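Asker: As they're listed, the protein sequences go chains A and B. Everything in the first sequence is counted per our numbering, starting at 15 for the first residue and increasing by one. Everything in the second sequence is counted per our numbering, starting at 583 for the first residue and increasing by one.
Mixed in with the good hints, there may be bad ones.
Pairs of lysine-lysine, BS3-like flavour, derived with a Cα cap of 30 Å [as the list claims (entries may be wrong)]:
1. K192/A <-> K674/B
2. K321/A <-> K350/A
3. K784/B <-> K872/B
4. K353/A <-> K239/A
5. K321/A <-> K872/B
6. K636/B <-> K854/B
7. K321/A <-> K686/B
8. K350/A <-> K792/B
9. K872/B <-> K350/A
10. K694/B <-> K192/A
11. K854/B <-> K353/A
12. K686/B <-> K674/B
13. K686/B <-> K636/B
14. K818/B <-> K353/A
15. K350/A <-> K674/B
16. K686/B <-> K192/A
17. K636/B <-> K674/B
18. K854/B <-> K348/A
19. K784/B <-> K348/A
20. K872/B <-> K854/B
21. K192/A <-> K784/B
22. K321/A <-> K854/B
23. K348/A <-> K674/B
From chain B, some residues computed to sit far from chain A (all C-beta separations above 10 Å) [unchecked claim]:
24. Q616
25. E653
26. A710
27. D719
28. I738
29. G744
30. R769
31. R790
32. G795
33. L800
Please keep in mind that the hints were generated in silico from the structure rather than gathered at the bench. These figures come from a predicted structure and were not determined experimentally. Ideal Cβ positions, reconstructed from N, Cα and C, are used throughout, including at glycine.
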Amino acid sequence: MFNSSTTMELIQRQTSLSANIVAFCRFLRQKGYTIGPQEEADALRALEVLAPFESPESLQLSLKATLARTLAQQMLFDEFYTQYWKELEKAVNSKPKEGAPEKKPAGQGQQPPKVQSIKNWLQGGQARETEEMATYSTHEVMGRKDFSTIHEDRLWEVTRLIHRIARSLALRQSRRRKPANRAIQLDLRRTLRLNMRRGGEILDLAYYEPAQRKQQIVLLCDVSKSMDLYSRFLIQFTYAFQNAYRRIETFVFSTSLNRVTSQLRQRDFGAALNELSDAVPGWSGGTKIGESLHEFCQAHASRLLNKRTIVIIMSDGWDTGNPELLSESMRTIKSKAAKVIWLNPLAGSAGYEPNTLGLQAAMPYIDVFAAAHNVESLRDLYRHLK
Amino acid sequence: MIQNEGLDRIQKMLREQGYISEPSIVMSIFLAMQLHKPLLIEGPAGVGKTEIAKVMAAALQTDLIRLQCYEGLDATHALYEWNYQQQLLHLKMAEDSGKTLEEKERDIFSEKFLLKRPLLQAITHHQAPVLLIDEIDRADEEFESFLLEVLSDWQISIPEIGTVRATHIPQVIVTSNRVRELSEALRRRCLYLWIEYPDFDKELHIVRSKVPGIDERLAEQLCHFMQEVRKMRLEKIPGIAETLDWAMALSALHIEHLEKELVESTLGIILKDWQDIRQAQDSLSELFEKVGAISKLDNL
C-alpha cells in the first residue's frame, strides 16, 4: 500500500499542512461527505492540539475523527485518504511548482451511467418487460394491467391514498401524555398551577391521558428481477410513504438487504433516485427473501421492531433462497412487531394462489395478506387497516 | 506507535482503568476533550461504548452523570421536575402563616422543591462532569432536537426561576446502537467514533487483563470460539461482556481447556436466545473443529 512516510514529505514540500487539509476537505466533499466550515475548523484545530506532528498515523486518525461523521463515511475514509495523498503525490511530482491539488477523483466519471441505468430500469424498457414475462407462468401476466402501466394522472390518487394509509397506520397511543378532561390520571403539575391563583387551596383537579402517538413503520421492499414490472409503482409507493410519514424505515432487498431510508428522504424524486442507485448494488437480481429477512432480523429487528411497529413486506414471494430461513425470520419479525402486512402485486390477478414455496413458508406469520397492484387494491388495503 | 504527549496520556489513562483500546479510540477521546466537543459513539451492543464514559470519568477524576434514553423520554425526565407532593404539603402547612400569595409562590418554586434530572444536574455540577447520554436512538426525534438545543446553548430555562447557565461545560458522550438514523444536525455537532466487535488479539488481551487467573490455553480457545460464534447467524450476537462472563465462570471452575460437553452446558452464558442456543448446539462439532484446529496449530 501507500507509504505513509511520504505523506509527511509531501506536506513539507507543499506550502502548509493546513492548506492541504482544506484541499482534502474539498476532495471529500466531492465524495459526498458533508463537510462545512465547522468540520474544517475542527480538523484544523485537531492538528493544532496534536502538534508537533510526528506520525502520519495520527494525522490520518485525527482527520477521520473530525471529518467522517457516519459509519459509511468512516468505512470509506481510509481509502479516500490514501487516494488523496497518492493523487497529490502524483500532482506534485509531475509539476512541482505551486497550485492547489484539486484533482478530479478517478471514480467520478462512472456515476452518470449508473444513474441512467436505474432510470431506464424504472421506466421499464418494453423489450425487457416482455422478456421478463416469458419467464413466469400465465398467472402473472394477468397482473399487468396495473401499476406497471399507470397513468401520470392517477399517480396523485395513489399518493393521496398512501397518505391516508400512512396516517391511519400512524395513530396509536403514546408514552407521552396530554391534558385530559376526563378523570383518568391526576396531573399534579397542572393541578398545582391551576389552584395556585386561589392561594393554594385545591379546588380543581387536572388530569392527563396518554397522547396519540405515531406508529413506527418498517417497509421491506423486494426489488428483485421478478418484481421488475412493479418497479415504478414500488419506488413511488415507498417514496410517497416515506414522505407522507416520517417515522418509517425503508429497506430494499433482492439477494441482500439495503437500508434506503435516508436516500428516499429527499425533496426531489430525481435526487432520491440518484441516491438510491448509488446505495443499492444488487438491484434487479435474484431473490433471497429468507436471507434478506434474516439479515434484517439480525441487524435491525431487535431495535427497530417493537409492539408499536408495523412491518410491511412487498414481494411476490418468488424465492430462490432458503424457505426454512424465511419462515424462521418471519417468526422472529412476527413475534416482535405489532403487525405484519404482506403486499403482493400478483395477488390481485384472477386465479392467483399464494403457493410459491417462499410464501407458504411465510404465510403463518402474516397478519394481513393483500394485493397491491392497482388503485382499487390500495383502497381495499386502507379499509383493511382502519 | 502514536507519538504525542496528550495521546500517550489518554492511552495510559485508559490502560490504568483497565480499558483495552485501539488508536482510533484514543484519538477520538483525545480530540473530544481537546476540542470540547461531544463524542458520538456507535457500534453493536456489547462492545464497550458505555464503558468509555465510565473510564473517562474515572480518569478525569470527575463524576459520571448518566441519562439513559428510552421511548417517551421527555424534558421532565431529562431536565427537571417540581416536587409537587412537597409543594402541596408546604402550601398546606403555610395556610395560616399569613403569607401573601406571591410569597407562597416564591417559596414553593424555589430550588428546594426542584428535582434535578440528569441534564440539569450536569450543567449545575460543582465541577465539569462526564455526561453520558446513553442510547440516544431509543428516544424520539423530538427529544433529539431538544437535546441539541441544550448541547449548543448550555443553558436551561425554567419559567418559574429563570435561566440556569452551565457553571461548567460537561464532557459529553452520546452512544447509539443505530436503531434509527440520527439527525444530521446532531452528527455534525459531535465527533464520531465507530467501535466494532474486537478481533481475536484484542479480545484475548481483554480477557487476560480482566480475568487474571485464567489458563492461557483456555483463554485462547475461548476467544477463538467467540470469534467463530459471532460469524454465525444469531439473533443476539454476544459482546465482550458475555466473553468475560464465560471466561470468569470457566476460570472459577478451574477449567484448562474447552470441551464439548462443557461448552454445551455453559452456552447459556454467552447466548441469550433459545433459538441461538439450539443453533449453536447443532453446529457445535463444526465450531469445535474450527477452534480446535486453530489451537492445535498454535501448540505446534
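Asker: Decide, hint by hint, whether the structure agrees.
Answerer: Against the structure, the hints:
no.: 1; hint: K192/A <-> K674/B; verdict: holds (27 Å)
no.: 2; hint: K321/A <-> K350/A; verdict: holds (6 Å)
no.: 3; hint: K784/B <-> K872/B; verdict: holds (19 Å)
no.: 4; hint: K353/A <-> K239/A; verdict: holds (27 Å)
no.: 5; hint: K321/A <-> K872/B; verdict: violated (39 Å)
no.: 6; hint: K636/B <-> K854/B; verdict: holds (25 Å)
no.: 7; hint: K321/A <-> K686/B; verdict: violated (46 Å)
no.: 8; hint: K350/A <-> K792/B; verdict: violated (35 Å)
no.: 9; hint: K872/B <-> K350/A; verdict: violated (33 Å)
no.: 10; hint: K694/B <-> K192/A; verdict: holds (27 Å)
no.: 11; hint: K854/B <-> K353/A; verdict: holds (25 Å)
no.: 12; hint: K686/B <-> K674/B; verdict: holds (11 Å)
no.: 13; hint: K686/B <-> K636/B; verdict: violated (42 Å)
no.: 14; hint: K818/B <-> K353/A; verdict: holds (22 Å)
no.: 15; hint: K350/A <-> K674/B; verdict: violated (49 Å)
no.: 16; hint: K686/B <-> K192/A; verdict: holds (28 Å)
no.: 17; hint: K636/B <-> K674/B; verdict: violated (43 Å)
no.: 18; hint: K854/B <-> K348/A; verdict: holds (19 Å)
no.: 19; hint: K784/B <-> K348/A; verdict: violated (37 Å)
no.: 20; hint: K872/B <-> K854/B; verdict: holds (23 Å)
no.: 21; hint: K192/A <-> K784/B; verdict: violated (50 Å)
no.: 22; hint: K321/A <-> K854/B; verdict: holds (20 Å)
no.: 23; hint: K348/A <-> K674/B; verdict: violated (53 Å)
no.: 24; hint: Q616; verdict: violated (4 Å)
no.: 25; hint: E653; verdict: violated (6 Å)
no.: 26; hint: A710; verdict: holds (18 Å)
no.: 27; hint: D719; verdict: violated (7 Å)
no.: 28; hint: I738; verdict: holds (17 Å)
no.: 29; hint: G744; verdict: holds (17 Å)
no.: 30; hint: R769; verdict: violated (4 Å)
no.: 31; hint: R790; verdict: holds (25 Å)
no.: 32; hint: G795; verdict: holds (34 Å)
no.: 33; hint: L800; verdict: holds (29 Å)
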